[in-house]
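*Asks:* Here's the letter readout for the chains.
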Amino acid sequence: HGQDNSWFSGDNEKLPIMVLMPMNESALMSSISQGIEPAVQLAIQHIKESRNYKFSLITKIYDTECDNAKGLRAFFDAICYGPKHLMIFGGVCPSVTSIIAESLEGWNLVQLSFAATTPVLADKKKYPNFFRTVPSDNAVNPAVVKFLNFYNWSRVGTLTQDVQRFSEVRNDLTNELEKADIQIADTESFSNDPCVNVKKLKDNDVRIIIGQFDENLASKVFCCAYNLNMYGSKYQWIIPGWYQGNWWEQANSTNCTTRKLLTAMEGYIAVDFEPLSAKQVKGISGRTPKEYEREYSKELQQKGVEPSKYHGFAYDGIWVIAKTLTRVMDLLQHKERQDMYHNFTVDDREVGKLVLDVMNETNFYGVTGQVMFRNGERMGTIKFTQFQEGQEVKVGEYNAIADVLDLINNTMRFQGVEPPKDRTFVRLQRRNINV
Amino acid sequence: MSGGWPGGQACLPSAQMALDLVNKRTDILPEYELELIHYDSMCDPGEATKLLYDLLYTEPIKMVLMPGCSSVSTLVAEAARMWNLIVLSYGSSSPALSNRQRFPTFFRTHPSATLHNPTRVQLFQKWKWTKIATIQQTTEVFTSTLDDLEARTKEAGIEISVRQSFLTDPAPAVKNLKRQDARIIVGLFYETEARKVFCEVYKEKLYGKKYVWFLIGWYADNWFKIKDPSINCTVEQMTEAVEGHVTTEIVMLNPETVRGASNLTSQEFLNQLMSKLGGKNPEETGGFQEAPLAYDAVWALALALNKTVGPLKAKGRRLEDFNYNNRDITAEIYRALNTSSFEGVSGHVVFDAQGSRMAWTLIEQLQGGSYKKIGYFDSTKGNLSWYGNDRWIGPGPPADQTVVIEEFRFL
Numbered sequence: 359h360g361q362d363n364s365w366f367s368g369d370n371e372k373l374p375i376m377v378l379m380p381m382n383e384s385a386l387m388s389s390i391s392q393g394i395e396p397a398v399q400l401a402i403q404h405i406k407e408s409r410n411y412k413f414s415l416i417t418k419i420y421d422t423e424c425d426n427a428k429g430l431r432a433f434f435d436a437i438c439y440g441p442k443h444l445m446i447f448g449g450v451c452p453s454v455t456s457i458i459a460e461s462l463e464g465w466n467l468v469q470l471s472f473a474a475t476t477p478v479l480a481d482k483k484k485y486p487n488f489f490r491t492v493p494s495d496n497a498v499n500p501a502v503v504k505f506l507n508f509y510n511w512s513r514v515g516t517l518t519q520d521v522q523r524f525s526e527v528r529n530d531l532t533n534e535l536e537k538a539d540i541q542i543a544d545t546e547s548f549s550n551d552p553c554v555n556v557k558k559l560k561d562n563d564v565r566i567i568i569g570q571f572d573e574n575l576a577s578k579v580f581c582c583a584y585n586l587n588m589y590g591s592k593y594q595w596i597i598p599g600w601y602q603g604n605w606w607e608q609a610n611s612t613n614c615t616t617r618k619l620l621t622a623m624e625g626y627i628a629v630d631f632e633p634l635s636a637k638q639v640k641g642i643s644g645r646t647p648k649e650y651e652r653e654y655s656k657e658l659q660q661k662g663v664e665p666s667k668y669h670g671f672a673y674d675g676i677w678v679i680a681k682t683l684t685r686v687m688d689l690l691q692h693k694e695r696q697d698m699y700h701n702f703t704v705d706d707r708e709v710g711k712l713v714l715d716v717m718n719e720t721n722f723y724g725v726t727g728q729v730m731f732r733n734g735e736r737m738g739t740i741k742f743t744q745f746q747e748g749q750e751v752k753v754g755e756y757n758a759i760a761d762v763l764d765l766i767n768n769t770m771r772f773q774g775v776e777p778p779k780d781r782t783f784v785r786l787q788r789r790n791i792n793v
Numbered sequence: 288m289s290g291g292w293p294g295g296q297a298c299l300p301s302a303q304m305a306l307d308l309v310n311k312r313t314d315i316l317p318e319y320e321l322e323l324i325h326y327d328s329m330c331d332p333g334e335a336t337k338l339l340y341d342l343l344y345t346e347p348i349k350m351v352l353m354p355g356c357s358s359v360s361t362l363v364a365e366a367a368r369m370w371n372l373i374v375l376s377y378g379s380s381s382p383a384l385s386n387r388q389r390f391p392t393f394f395r396t397h398p399s400a401t402l403h404n405p406t407r408v409q410l411f412q413k414w415k416w417t418k419i420a421t422i423q424q425t426t427e428v429f430t431s432t433l434d435d436l437e438a439r440t441k442e443a444g445i446e447i448s449v450r451q452s453f454l455t456d457p458a459p460a461v462k463n464l465k466r467q468d469a470r471i472i473v474g475l476f477y478e479t480e481a482r483k484v485f486c487e488v489y490k491e492k493l494y495g496k497k498y499v500w501f502l503i504g505w506y507a508d509n510w511f512k513i514k515d516p517s518i519n520c521t522v523e524q525m526t527e528a529v530e531g532h533v534t535t536e537i538v539m540l541n542p543e544t545v546r547g548a549s550n551l552t553s554q555e556f557l558n559q560l561m562s563k564l565g566g567k568n569p570e571e572t573g574g575f576q577e578a579p580l581a582y583d584a585v586w587a588l589a590l591a592l593n594k595t596v597g598p599l600k601a602k603g604r605r606l607e608d609f610n611y612n613n614r615d616i617t618a619e620i621y622r623a624l625n626t627s628s629f630e631g632v633s634g635h636v637v638f639d640a641q642g643s644r645m646a647w648t649l650i651e652q653l654q655g656g657s658y659k660k661i662g663y664f665d666s667t668k669g670n671l672s673w674y675g676n677d678r679w680i681g682p683g684p685p686a687d688q689t690v691v692i693e694e695f696r697f698l
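Respectively, the protein sequence lines represent chains A and B. Here the working numbering is used: the first residue of the first sequence is 359, the next is one more, and so on. Here the working numbering is used: the first residue of the second sequence is 288, the next is one more, and so on.
Derived by calculation from the structure, the hints in this document are not laboratory data. Every value quoted in this text rests on a predicted model; they were computed, and no experiment measured them. Any given hint could turn out to be false.
Beta-carbon label-pair distances, calculated as ranges [said to hold, decoys possible]: (1) B:Leu323 / A:Asn718: 52 to 60 Å; (2) A:Lys667 / B:Gly565: 55 to 63 Å; (3) A:Cys553 / B:Arg439: 18 to 26 Å.
Beta carbons: idealized from backbone N, C-alpha and C, even for Gly.
Model the full structure from these sequences, guided by the hints.
*Replies:* Rendered as structure tokens:
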């Protein structure tokens, strides 16, 4: 390797992209990858059809099996024995992704992920060469703040499962809330049994509770909430929105009946990223998100694989790569022409730096909305749903680029006559007592 | 050589000393010469990944990997099975590394960090505290130490009432501690983060007579005075914030005068190391305390390799037949290391999956800007030797929570 960077001068080049994701069906999170392949192929095909690109991308998949050791070996082998890759696409499992993403500088490689949402990867000091088209778990926080503002809730409590994925989101939320002058009346965290902490929230008269925990603990939390009467018209729960459908049936490890859980859960707000844009505008591929989705579904059927929630981010990701490489090519060719009389050479380091800078300036409409990065993080769309009589109903959307919250008319419901209050109001009254 | 734990500064010369001695000995590996190929990982797993690639994908073939920092060891030890390599660390204290399933070929001469916890619990009990708060940097070494502490405090009827964690910026976590009225706080983080934490502690006024901090004892003695561009507190402010905190650390130098496998007493070892460091101040040399462990790691390896020559010969194989694709030589070295037992400069060296090798911990307190030894604890015997020179701002150690006294008043 090293100085071989002539790829940018030729036409009709086939540019190899290293794809890292778990493929082996027995591996964790491989279900995410299964539905990705059709989206990637669709993007490559659409790019070719657009005739705007001088090259074609070829993706070479290396199976990480969602295992740190196997993932690292696959990556090392790809570098040693594979073609000279211009970029890495993928990274699904948080631990494998962070190990590889942290080492990229050593190879001047840039990585673009479509499925790794762990907030840790937002640390630019540690992962300077990492980008993602999927919003991180932290991206819900500005949306939540907007939501709280809308209902004039200025006093909240947080309840967090003490594992990195959640405590990071909580820490970031703490900052956002402080910036927005929202009082954090109580910050509770637990590792296994949330009941003591739910009780403390109640004792502190917290009404608006922002929770960060997984499905299994969510059922425990709502069971405690039921037993402590922390539901109904006086309370508002706000929790992650990426749980599986009907999670309360599958993840219920409590001695609360489903009926009790459903009672406590009624009206909770769930927050998650929006997998495809709801706006029907023709994006970079000349298709609307709906049109794209139709084609994607057809591909799925033909291949007989299950859909992946991240397919839109993968589709847009391939476009990011194509746009980035085109621009880098142009810049390098321009430089070459200028340097004609000198011996023009460019080393991997310069190319890597160029790819990084160009990728940073990405801005186009994809199927997941406007694709833009801020410090490598995707500025995306966040979706609000509300749990209403056994179903999650979409009630609103938050756009990070415009910093705007859109609530859908007449979808939010409250069990009382008005939204819950964020605290007990004490009204002082003079009373006369006859002695 | 730099980063969170710059242990290589003293551990490299120490390992080199052991290597020179082993290579000179005619009774250990007479037909072989051990060679050390070393890189500076900067205690950074990202950097280490690139170096690991260079080690594995260039000649010559290596027989053993010897990482230092826990974060680097975790990475290397987890990946090593793909190349049938044994990993032997001299500087990793992460309790998570005791997991044989995840790290099947890993050994270490460094005791596990869980060894601090019985000492901490002992001190909580001594000072009658039943409510504890914790703040940790979310790195596996600290997370798993904390899991162990939680189990041990529970057993002792002590409650961890507040748990806070941070990745890079401790400010929200420190604010939360203040907000939750934490008094007795166990802090688990590397030295660079410790400075950030205590700058925040200063700003939040989370120090003074009502608060007691428990920290790890392996920072440099002047860690809070070191100029650090990432904090905006002055040395005076830092010194004020850290006053009175308690540290625990594992004793790593054999306190007894015995001549072990290398025919060196621990004092002679120290003298030789000092002269090898060429006048550098040991207190400012990273890894000086752990240097005996690096020395003993090389000895453990040499003795183990020596032990495999015979059995390999019986199978018609030699050490130089080793490659990354066959398991039988790895298995032979594993067996030999597993049964190691010799007297090193760090004490008796035996390996078990749990990693608690040395029994003694040293307890110190920062008094007037410098550390004073206040006691030793031997957890195997439950034996606390107390000097009685701990100092407090009030008449004694503070209470672990706000005490609400209800009183009738007549108007």
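*Asks:* Run every hint past the structure and note whether it holds.
*Replies:* Evaluated hints:
{"no.": "1", "hint": "B:Leu323 / A:Asn718: 52 to 60 Å", "in the structure": "violated, 42 Å"}
{"no.": "2", "hint": "A:Lys667 / B:Gly565: 55 to 63 Å", "in the structure": "holds, 60 Å"}
{"no.": "3", "hint": "A:Cys553 / B:Arg439: 18 to 26 Å", "in the structure": "holds, 23 Å"}
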